Amino acid sequence: MKIILGFIAGIALVVVITLMYAADLMVNEYESPFGVEETAARVQANIQSLEHRGWKLSALRNPAKAVAAGGTNVLPVLLVEACSTTYSAPLLKDDKTKIVSLLMPCTITVYKKDDGKTYIGTMNSGLVGRVFGKKVGDIMAEVAKDQQVFINMDPSKPAPPLIRTGPGGGGGKGGAVDAGC
Amino acid sequence: MKKQRYIIGYLLFLIGGVMVSSAGYASAKAETMQKPAAAIPATTANTKKAKSNSTADHSKFKELDKNFNSGPEVTKACLTCHTEAAKQVHATKHWTWEFINPATKRKLGKKNVINNFCTSTKTNETFCSACHVGYGWKDDKFDFTEEAAVDCLACHDTTKSYKKIPGLSGHPNYKKMEWPPHSGKFRPATDLKKIAQNVGQTSRDTCGGCHFYGGGGDAVKHGDLDSSLKQPGKYLDVHMDAKGLNFSCGKCHLSDSHEVSGSRYAPTSIDKKGAIMRGKAGERNPTTCVACHDNAPHKEYAKLNDHTDKIACQTCHIPEFARGPRETKMTWDWSTAGKLDEKGHPIKINSSSGAVAYDSKKGDFTYDRVVIPEYKWFNGEVKFTLFGDKVDGSDIVKINDMMGGPDDPNALIWPFKVFRGKQPYDVGNQTLAVFHTAGKDEAAFWGNFDWEKSMKAGMASTGVEYSGKMAFVETEMSWPITHMVAPKEDALTCAQCHKENGRLSKVAGIYQPGTNSTPILDMLGSIVAWLTLLGVIIHGGIRVIQSRKGA
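Each protein sequence line maps, in turn, to chains A and B. Numbered per my numbering, the first sequence spans residues 45 to 225. Numbered per my numbering, the second sequence spans residues 93 to 643.
It is possible that part of the hints are untrue.
Not everything, but these chain B residues come out facing chain A in the computed CB check (under 8 Å) [to be verified]:
#1 Gly325
#2 Asn442
#3 Ser444
#4 Arg461
#5 Asp582
Calculated directly from the structure, the hints in this document are not laboratory data. As the structure is a computational prediction, the values presented were derived from the model and not from experiment. Glycine included, C-beta positions come from ideal geometry on N, C-alpha and C.
Generate coordinates for the entire structure from the input sequences, incorporating the hints supplied.
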């Protein structure tokens, strides 16, 4: 009886903990001192600064525009997409890890919330990568380090232009092939 | 033995956890695969081709069948039939650029106020009059009684080819000219005959020709008026939706004898008298939401009607402004104007989005899009800081202060765009400065970048001698938000206000359930809840043990 009770209590506890913390663990959110477009432009510039690590911009997507076309309003959201062949190549070569291509390209989301502030969202690549085993985990740990560079907002640098690679609104073409994804 | 049982229980707990997580993942995956993505609803409105319902075809009028050399010539032709039109226009704000506040008797209107955009029309009429419904206003000698100087085409053009060019004193270009300057693009000479033969009702294009471009460019000034409203989608304005209701400006801004209803200088903040019966003459403002929708418009959720005595319709139904693709200007810092490059040439620096973030002529700007408004009490009275009102640089100057408060029966909470700036003031005379910007003369700041000359010329135009000392003062100007009405599904939700730091959290003198908490009460509540849970567990445990013993 005690074993069964312990088992059920364990399941219940895990469910509660999973529900409470899983979402927060999988993603990271940071406040930006700049507006949505300038933040996205700065993320893009940071990505380009890591070209020596294989990073290239693949697209800038605006899902809010597609929503507007449907007659509804949402606060601005821009998705900055980038890829690095340094990291994608070994994962795509191996049949066991090809499924991880679902996580490509690396996406940084920039959005405004109801408090009027701009936020940057990233996947917690380090943690997510570990779920898929050592090889993916090691690579994603490197991606996580680069992500910290992507989101660095340095006010002493002038505002770079937003690079409108890919679609203006909610889908369509990107430069993914060029970017190595 | 007990230890062994706990170890087995612990192992099963871990296995169970993994199983539950996997099952949850699998079911979520299955659900995702079974459910197709929700389709984006298509707009249901029809797309009728606009057609004229006029009983007159102006192309058949012999008065208009000639090659006009100037705008006033066209006006004279118009007046042969519309004999009273010019007199009517002469009585309107669009012509006089003047408004006497009935309560304070202070002279307002574009001719008199100072704003924190281009600041003042004085001495800059040659440029500013591109948005005057007249021809030839270039200085204070303009004849406001001249009927032929009325510009009929600015409001009645239907060809979309009529454009009054800044710098031409309210005239369009009669000859081919480069526009914008130094752009390499050329505008053909205005075809006045074609335009005159195609006149019609006012439209979003004609009203928007000025009101969308106020403050020196598209979307600059108002925040809720920009060129995206020429052909807006439903998301941007539910009334003006080009494929839906397709309202023109005049649908709400009804006019009478050429005077257009609605005023920035004496706005209607509250209307308690319900919808206006069609055809009923009166003094009430027909542009308000209430004029059509009544004071209790929420049929499905009647509780919302309890808010209408304190909250303006716009507060919920325009949750953000500048929701189109255009950014609106949010700040303007004149104090940085005048920087030149090494060769002495003016500079322009763009923002990330491509808008001008610095211009030697004007200083620094910031922009934003889909902006959360600021909310304030407003009873319809606006107190302006006019030329001559004391400004000493110690405080932020409110160029137009919105009156009203929580105890004012005529005040509602309204949404505003608050435009912040830094602009020159005359330290010696303790007043906001009038300075000369546009023109080809030596005193124009945009040509010589010399504040002293610009200030001297500008202040002289007011009859006040420049003290010789200037500085910059921070200013704020508030713009009530009333256009870009969102579909009702996009109105503010309860939770956007009734939460900590909600939309109205900075509005003084209101209590909103759910917006704040009392730590002691919260702690007591938590203790009671936990004790209740503990009591249930203990009680349940005892019942289980007792039932076993009984068995």
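In rising order, the numbers of the hints this structure does not comply with: none
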